[in-house]
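Chemist: Between the sequences and the hints, there should be enough to build the whole structure, so can you do that?
Protein chains in written order, with the numbering used here: chain A, 122 to 380; chain B, 28 to 170.
A few of these clues could be false.
[To be verified] The list that follows gives simulated cross-link-like pairs (lysine-lysine, DSS-like), each with its CA atoms no further than 30 angstroms apart:
| no. | chain 1 | residue 1 | chain 2 | residue 2 |
| --- | --- | --- | --- | --- |
| 1 | B | K73 | A | K360 |
| 2 | A | K218 | B | K131 |
| 3 | B | K73 | A | K210 |
| 4 | A | K377 | B | K131 |
| 5 | B | K131 | A | K210 |
| 6 | A | K320 | A | K268 |
| 7 | A | K380 | B | K91 |
| 8 | A | K170 | A | K339 |
| 9 | A | K380 | B | K73 |
| 10 | A | K339 | B | K131 |
| 11 | A | K360 | B | K62 |
| 12 | B | K73 | B | K91 |
[Unchecked claim] Here are some chain A residues the structure puts well away from chain B; computed CB gaps all over 10 angstroms:
| no. | residue |
| --- | --- |
| 13 | K158 |
| 14 | A204 |
| 15 | P246 |
| 16 | K268 |
| 17 | W284 |
| 18 | L374 |
Since the hints were made in silico from the structure, they are not lab data.
Computed from a predicted model, the values in this text were never measured in an experiment.
Each residue gets a CB set at the ideal place from its N, CA and C atoms; glycine is no exception.
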Amino acid sequence: MSKLMHWILLLAIALAVLSMPGNCQPPSPRRPPADGKPAPPAARLPDGKVDFGGKGVWAPIWVLDWADKKWVTEAIDVPFTPAGLALFKERRGNNSKDDPEGYCLPAGVPRYTGTPYPFQMIQLPDRIVILYEGASHMYRVILMNAKHSADPDPSWLGESIGWWEGNDTLVVDTVGFNGRTWLDYVGHPASDQLHVIEKFRRPDLLTLLYEATIEDPKNYTKTWTTSFKVRFQPGWEIKEYVCLENNKDLLHLGTKEPK
Amino acid sequence: MTTKLKAVLAAIAALVVVAVPMLAHHSFAAEFDPKQSISLTGVVTKVEWMNPHTHFYIDVKDEKGNVTNWDLETGSPNGLSRMGWTRHSLKEGDVVSLQAFRAKDGSSLASARMVTLADGRRIFAGAANNDGGPGTTGPPPAK
Chain A
122 MSKLMHWILL
132 LAIALAVLSM
142 PGNCQPPSPR
152 RPPADGKPAP
162 PAARLPDGKV
172 DFGGKGVWAP
182 IWVLDWADKK
192 WVTEAIDVPF
202 TPAGLALFKE
212 RRGNNSKDDP
222 EGYCLPAGVP
232 RYTGTPYPFQ
242 MIQLPDRIVI
252 LYEGASHMYR
262 VILMNAKHSA
272 DPDPSWLGES
282 IGWWEGNDTL
292 VVDTVGFNGR
302 TWLDYVGHPA
312 SDQLHVIEKF
322 RRPDLLTLLY
332 EATIEDPKNY
342 TKTWTTSFKV
352 RFQPGWEIKE
362 YVCLENNKDL
372 LHLGTKEPK
Chain B
28 MTTKLKAVLA
38 AIAALVVVAV
48 PMLAHHSFAA
58 EFDPKQSISL
68 TGVVTKVEWM
78 NPHTHFYIDV
88 KDEKGNVTNW
98 DLETGSPNGL
108 SRMGWTRHSL
118 KEGDVVSLQA
128 FRAKDGSSLA
138 SARMVTLADG
148 RRIFAGAANN
158 DGGPGTTGPP
168 PAK
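Modeler: If you want it as C-alpha cells, here you go:
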C-alpha cells in the first residue's frame with residue numbers, strides 16, 4: 122500500500138472517530154467539529170434562558186450502565202439496599218432478559234436520556250416538552266414553576282415540574298412513578314418511591330450536560346448522582362418509532378413478563 | 028481505479044458506517060449466542076422494514092440441496108436509515124452474503140452484522156454497536 126493510501130486510511134479513521142456523536146463510546150471532553158473550529162455557543166430565548174432546541178436532535182449514547190465510568194462521567198459505588206442489590210444481581214444474572222424495553226414499554230425517567238434514540242426539546246412559556254423517538258415514540262411534559270400534585274397517579278414517566286437556576290441550568294423534579302421502569306439496561310432498579318432530580322445544561326450548541334440524582338429508599342440507602350454528555354446532531358429529525366409494530370424478539374428472549 | 032484504492036475506499040466507507048449511532052431495544056446476550064458466528068449466502072425472500080428491528084429472510088441451500096429460510100434481525104429502520112440503508116437496499120430475489128450470530132434457542136434466527144448487498148456494498152447491520160454483541164463493548168458481566 123502506498124504512503125498516500127496509508128494517509129487516506131488514517132484520515133478516514135480520524136474522521137470516523139470524530140464523527141461518533143453518541144455512538145456509545147465513553148463521554149469525552151468537548152469534541153470540536155470535524156473542521157477544527159470550536160462549537161458555536163448555545164442559542165438564547167428572548168428571556169435570556171438557554172434554548173435546548175434548534176434544528177436538529179439530541180442523539181444520546183446508549184448508556185448501558187449509569188454507574189460505570191465506561192459510559193458516565195464518574196464511576197459510582199451504588200448504595201444499594203439489600204433488596205435493591207438482590208434485584209440488580211438477578212437482572213445481571215439473566216442478561217437483562219426481562220427488561221421492560223424488550224416489551225416495548227417506556228424507558229421512563231431518567232432512562233430516556235440514556236437510550237440510543239434521539240429526542241427534541243421544545244420550550245414554551247409555561248412548559249417544556251420533550252419528544253422522544255424511542256422506545257416507543259413518547260412525549261414528556263415538564264410544567265415550569267408548578268407544584269407537584271398531592272397524590273399523582275403512578276405512571277411510567279412520573280410527574281415532572283421544572284425551574285431555572287440562573288439562565289443556564291434547567292432543573293426538573295419528577296415523582297409519581299409506577300415502579301415498573303429500570304434505570305438502565307443493566308437493571309439498576311427503580312421503585313414507586315423513585316424521585317429524580319435532573320439538571321440540563323448546554324455549554325455550547327452541540328453539547329448537553331445531563332445530570333440525574335436518584336433517590337429511592339426501597340433500592341438505595343442514600344441518593345446518588347450520575348452525569349454524562351449528549352451530542353446534538355444538527356439537521357436530524359426524529360422519526361416515527363412504533364416498537365410494537367414487529368417485536369418478534371419476545372419469542373426468543375426466554376422472558377415471560379417484564380420485571 | 029486500482030484494486031488497492033478500491034480496498035481503501037471500501038475501508039473508509041465501512042468505518043464511517045460503523046461510526047454512526049445505532050439502535051436496539053432488548054438484550055443481545057439473552058437472545059443471541061456470540062460464540063455461534065455463521066456466514067450465510069442466500070436469496071432474499073421477504074423484507075420487513077419495521078420497528079423495533081428490520082428483519083429480512085433468505086433461502087440458504089446446503090450442500091445436499093436442502094433449503095432453510097433464515098430470519099435475519101438487524102437494526103431498526105430508524106437506525107439503519109441514518110447509516111445509509113434505505114427500504115430499497117434489500118429486495119426479494121437479491122443474493123446477499125452476511126455474517127451473523129445465531130439465536131440461543133436454536134431456531135433459524137440470527138442477528139446479522141456485516142451484510143454484502145446485491146450491488147456489492149458491504150454494510151454493518153447490527154442492532155447497535157453496543158448491544159453486547161461480539162466486537163462491541165457490551166455491559167459488564169454479572170457481579
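Chemist: Against the structure, test the hints numbered earlier, and report the numbers of the ones violated in rising order.
Modeler: When the structure is compared with the hints, numbers 3, 7, 8, 9, 10, 11 and 18 turn out to be violated.
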